[in-house]
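**Student:** Whenever a hint applies, use it, and build me the whole structure from the sequences.
Chains A and B supply the protein sequences, listed in that same order.
If you count the first sequence from 1, position 114 lands on 206 in the working numbering, and the numbers rise without skipping.
If you count the second sequence from 1, position 116 lands on 122 in the working numbering, and the numbers rise without skipping.
Honestly, the hints are just simulated from the structure, not real lab data.
Remember, it's a predicted structure, so these values are computed and weren't measured experimentally.
Don't take every hint at face value.
Stated by the list, open to error - DSS-like cross-link-like pairs, simulated, lysine-lysine; straight-line CA separation at most 30 Å:
id : chain 1 : residue 1 : chain 2 : residue 2
1  : A       : K100      : B       : K248
2  : A       : K370      : B       : K37
3  : A       : K100      : B       : K255
4  : B       : K142      : B       : K255
5  : A       : K100      : B       : K142
6  : A       : K100      : B       : K250
7  : B       : K271      : B       : K255
8  : B       : K37       : B       : K142
9  : B       : K142      : B       : K250
10 : A       : K370      : B       : K271
Claimed, not checked - With the C-beta cut set under 7 Å, the calculated list includes, among others, these residues of chain B facing chain A:
id : residue
11 : C24
12 : A26
13 : F28
14 : R58
15 : L70
16 : L74
17 : S134
18 : Q136
19 : T138
20 : A156
21 : A222
22 : V251
23 : T278
24 : V315
25 : V318
26 : M319
Think of the CB as a built atom: it goes at the ideal place given N, C-alpha and C, for glycine as much as any other residue.
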Amino acid sequence: MDNIAGKKPALVWATNLSVLLLVLLWLIPTVGLFVSSFRDRDQISASGWWVAPFSVELTYRTRSDAEPRQEGDLWIYEGNIFETAEVRESFESGESSIAAFGLRGREPGAFEAGQEVENRDGGTITVNADGSYVYTATEPDDRGPRVYFVADTPPDFTLDNYRTVLTADNMDRAFINTLTVTIPATIIPILIAAFAAYALAWMEFPGRALLIAAVVGLLVVPLQLALVPLLNLHNTIGIGQSFLGIWLAHTGFGLPLAVYLLRNYMAGLPRDIIESAKVDGATDFQIFVRIILPLSFPALASFAIFQFLWTWNDLLVAKVFLPSAGEAQVMTVKIADDLLGSRGGDWGILATAAFVSIAVPLLVFFTMQRYLVRGLLAGSVK
Amino acid sequence: MSPIIQGIITIIIGVGGCVAYFYFANLVLDKVIFPARGEKAGRNINRANAVRPWIFLFPAMFALGLYLVYPVVGSFMRSLYNRAGDEFIGFGNYAQLLASEDFRVAFFNNILWVIFVPAAATFLGLLSAQLTDRLKWGNIAKSLIFMPMAISFVGASLIWKFVYAQDPDIGIINAIRAALGADPLDPLQIPFWNNFFLMVILIWIQTGFAMVILSAALRGIPEETVEAAIIDGANPFQIFFKIKVPQIKSTIMVVWTTITVLVLKVFDIVYTMTGGNFDTEILPSYMMDFMFRDDGLATAVAFVIMVTVLPVMIWNIRQSRAEMR
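**Tutor:** Here you go:
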């Protein structure tokens, strides 16, 4: 019936436009990160990511490497500045034009392209927009003069940032550490929770309602409370800060949601199936393994996704329960504690590191969205 | 030992151990302790069935007890001791917190977060749920708004650094300001309002969550009520605010409280964006300042957070008990 109210064309337009605006607002920050991660470091600091497809004015310095020829008492160097050894690589890919040039590093764009400028030793120098230059000197010089210039540089998309992040910055190690933390911490609580959820959903015993209420209450206990006592406990029993410790911690912290989600789902399974299995002489263990577990697959999947995302993205638990040394760092800790400090100004590296860390969750999100939504709904809407 | 191998072994031990525990515990219960044989067979079956739930529940209860119930008590006890943990100082840590200017700032900011983030995320979620439900490409729009849910708080903070950066060639806000002729500024250093700029990040993440749940609730509204309103001549806004919203009130409350609880846990955003500088500290990040330095104060802050969550916890429990009846 919505359509009746929504049939006014103006309203349809307004809805379309406002949703488009919302989506754009929501998407723009992520797109910025994604684009930046592929841009060259100099280009990032010279222009915003939103103009990434266009040329950027960048400053270069080089030295003429042409052979001088004598003309009267002057020595003349001629050539194209884009082809000099020091900058050749930057201009291999496309057309560029020179906006300005200069002779000192402090003023790299002091003179407009095409202007004839007097050099300190009496010669002159001209650099044209197309890169050709003429330099005259009164005495031959085995090295040409130092020239600075500002050139429109074609956009440069590279994988260099990824190479740097994954090799030089130890992000590959952090990636593997994150996986190492995440997978056991996702799998182990599922089984424990499934048995408990079955008991809470389908077995009659005194105190059941109280236990369910307790699980609901534990859902909201702030993690912060657990940090100090449990770290002390882990230190006392000899686990200390280690992978084993963080697996146990994530298992404990994930259980309330697991039990709650699975119980809600299992309680909704048809009673007939379970009762007829009981009449046929199946034990609770058999019912659980043969009937409940396979039927609960959607709920198991949605909890697994939640727990995976949560452990992958977690910073707090990793900071407390893992040693802070480099070889045990997970990606979130690596980015927040290491890269932001040591590479704070290197936006390309930061963007790339962030993108490496969010790529897997995004992949999981887009492929398993269905289960994620189902899990959310089972947890909140009755 | 390589952590990967350690991980694989842990999975095998963990999963295998669980399966073995449940299987053998059941077996022992049925065959050894209360065998369904002999003259007491009937009584034994009943007894076995009375014990079985506890076998199923034991691992979960043990883990929950150790990792969530014990810490509530343990943290509170620890917060009554001094920094070294060897001298009982009563509520000394709490008194020290109350006297500290930083704590008051963090507490005040936290109140701002708790009010503003759930309100804004729920409102935007409701709005986008209602708007996208009418569109052909609504599902794509939904999934794009929902996407930040998958991104870590650290990743989201970095993403937003590219929005807030002071350099107009990096930060999009300052680029817009530059285009309008204004001087660049650092949004994260503007007193008071910088809190809101940080909150925007969490709202950006949570709106999708609110949208997904509220959109399901909106679809569950009986069509007759909307039809009747249309026949009575209600306009779309009246239908939305007077017919639909009141019917999904309880779901709105669930969304609101869920986000509220989350707000009280998130320290990552403040930690990565400002490190608590420029008066942006909130309680979770304030606690991390003491973690590893002064366990007494750290647990005291944690317990303050717990007390703040308590009303939500009680409300949740009541709600779930009402549903079960």
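**Student:** State for each hint whether it applies.
**Tutor:** Structure-based check of all given hints:
no. : hint            : result
1   : A/K100 x B/K248 : holds, 20 Å
2   : A/K370 x B/K37  : holds, 19 Å
3   : A/K100 x B/K255 : holds, 28 Å
4   : B/K142 x B/K255 : holds, 27 Å
5   : A/K100 x B/K142 : holds, 16 Å
6   : A/K100 x B/K250 : holds, 20 Å
7   : B/K271 x B/K255 : holds, 25 Å
8   : B/K37 x B/K142  : violated, 61 Å
9   : B/K142 x B/K250 : holds, 21 Å
10  : A/K370 x B/K271 : violated, 44 Å
11  : C24             : holds, 4 Å
12  : A26             : violated, 11 Å
13  : F28             : holds, 6 Å
14  : R58             : holds, 6 Å
15  : L70             : holds, 5 Å
16  : L74             : holds, 5 Å
17  : S134            : holds, 6 Å
18  : Q136            : violated, 9 Å
19  : T138            : holds, 6 Å
20  : A156            : holds, 4 Å
21  : A222            : holds, 5 Å
22  : V251            : violated, 15 Å
23  : T278            : holds, 5 Å
24  : V315            : holds, 5 Å
25  : V318            : holds, 6 Å
26  : M319            : holds, 5 Å
Of the numbered hints given earlier, the model fails hints 8, 10, 12, 18, 22; all others are met.
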